[in-house]
Amino acid sequence: MSDRMLLATFEHEEDLLDAVEVVRKKGCKIIDAYTPYAVHGLDRALGLRPSRLTWVCFVCGMTGALGMLWFEYWVGALAWAVDVGGKPWNSLPSNVPVAFETAVLFAGFGSVFALLGVSRLFPGKQVLPVLERVTDDRFVLLLDETDAQFDVSTIKAMLSPFNLVALEERVVSGGELQ
Amino acid sequence: MAPAPLSSSNASRKLALLAVISAIALAVGAVVAPERTWSNLLIVGFYLVTLGLGGALFMALAYISNASWNVGFRRIPEAMAVLLAPAGLGLLTVLAWRREHYGWHWHGEGDAGTFWFKELWATPSFWMLRAVVYVVVWVLFARAFVGLSRRQDKTGGVGLSIMSKRLAAIFLVVYAVTFSLASFDWLSLLEPMWFSTIWGVYHFAGMLQASLAVIIVLAIFLRNRGPLRGFFTDEHLHDLGKMLLGFSCFWMYIWFSQYMLIWYTNMPEETSYYITRTQGPWGPLMVVNLVLNWIAPFFILLPKPSKRSESVMMKVAWVVLVGRWVDLYLMVFPSTIGKTPVFGIWELAGVGLLIGAFGWLFFRSFAKAPQVPSGDPLLGESLHYHC
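Residue numbers (our numbering), protein chains in the order written: chain A, 56 to 233; chain B, 67 to 453.
With the rest of the complex left out, here is chain A (with noise of 0.2 Å):
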């Protein structure tokens, strides 16, 4: 992460966006943008890549699907067959219910714990809040400024026409922003 970086706040979700178009038009780089809400559009405007984060739900519930459809038939065929109502011993019908709820089972917390890993959210930890009125009712965009040709009233005249609360510097020495 960079050490000097700008922090343009605003009023409205649409002036965030309308924002993000002009920042991103002119090439500079943005670091992340912060909202008290999730904003329809705004990965988009961004151009964030697609949220891996479903296949991720998607594999962990193939795999306790079948993890537990091969489990059922090893203990109920294989390793201690045992006659339940005269049905035959590897009986597809009465391992889908259990399969099924693994399934559940491990795709929620298998999306929540990458979520979590990816995020590296943990019990404990310390969040340093961009702005305190991000959780309230200010939006955020944060721009990288190490670059040589960055300069600031150029930024401050961009961003401007778009209601802009706030402009303001930030120099952060080995902290991490959220």
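In case anyone wonders, no lab produced these hints; they're calculated from the structure. You can take every hint at face value.
Label-pair distances were calculated between CB atoms; the ranges are:
hint: 1; chain 1: B; residue 1: Thr263; chain 2: A; residue 2: Gly172; range: 42 to 48 Å
hint: 2; chain 1: A; residue 1: Leu108; chain 2: B; residue 2: Pro436; range: 40 to 46 Å
hint: 3; chain 1: A; residue 1: Met117; chain 2: B; residue 2: Ala162; range: 46 to 52 Å
With a cut-off of at most 30 Å between alpha-carbon atoms, the simulated DSSO-like pairs for lysine-lysine come out as follows:
hint: 4; chain 1: A; residue 1: Lys211; chain 2: A; residue 2: Lys81
hint: 5; chain 1: B; residue 1: Lys370; chain 2: A; residue 2: Lys80
hint: 6; chain 1: B; residue 1: Lys184; chain 2: B; residue 2: Lys405
hint: 7; chain 1: B; residue 1: Lys381; chain 2: B; residue 2: Lys308
hint: 8; chain 1: A; residue 1: Lys211; chain 2: A; residue 2: Lys84
hint: 9; chain 1: B; residue 1: Lys381; chain 2: B; residue 2: Lys80
hint: 10; chain 1: B; residue 1: Lys231; chain 2: B; residue 2: Lys434
hint: 11; chain 1: A; residue 1: Lys84; chain 2: B; residue 2: Lys370
hint: 12; chain 1: A; residue 1: Lys142; chain 2: B; residue 2: Lys405
Among chain B residues calculated to face chain A with C-beta under 10 Å, some are:
hint: 13; residue: Phe322
hint: 14; residue: Trp329
hint: 15; residue: Asn332
hint: 16; residue: Leu368
hint: 17; residue: His452
Cβ coordinates follow ideal geometry from the N, Cα and C atoms, glycine included.
Assemble the complex: chain A is given as a structure, and chain B must be docked to it using the hints.
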């Protein structure tokens, strides 16, 4: 806004022609092969009625949940609901033609051993009376929904939306009871000795799944042909895809719930239904049914890009619609035709009548109103919808 010209009159004429040719073929069939013709007509009638009812149900669900996303293409379910009157009339005629198929006498199983209430319930006159009541009640509700929405085009305002919402609440309760009984009366009673208490839910799942598939097909068609261009966006398509995916899973869930309990309990009066349909020549069709209605839609619609792709959604919707026909075929034909699956000229004519009559009636009623409900206060929200 002025309605864009519906340039589908040519398609409409072709569909009407298809319906007429199929109807003539089936009229011949009524003399040559009455049993198979009747079975096909029952499928066609039930399919059409559930699509009409599905349109009304889709609107009612949207009204009661205060949904705005569907407003831009609401004229599609509305035009489907208009279909309910002619389709209902057709189905009632089909039912009246062979009402002796229902109940225990036809099967020669005698009165002995049948639950007394079921015997009373299957009395032909009472059975027919109920059928008429169901259809009339549904038609009245469907007309009320469509009438309120079209009135709003002229008056605007939120008052009529609130009225629709109240009506939706009443309709959903009435629908749940009447449709459960109707599906039981018209399809399950073909095997009077058989019991399944989840039958109504199973039909709710199948009906909504097929109705969503039809809405998807029509919305894509109408967007490409003009009337819904700019009103039906990829966001709407994405949401319809999510609903189709969800209700395909729901259908599978209910199908399995019915099958597993019967398989597990293993009581002869319950297993008879599945023994015919899973063993012997009907067995492979049962697998096809599951593939078309769940396996294919589930794995294809799971990734996000496929739900936003017009061509993928169109194909999956058609797969589901074929699956719906196979599902109904598997309910009716083993009971009425017997040992082996048949597919020939009469089934083809049935499918022709289904597509022709639906398409022709749909485009006729769609052309009667502006292509979007311009008076609905939620229209703007629907057009800017982002999912």
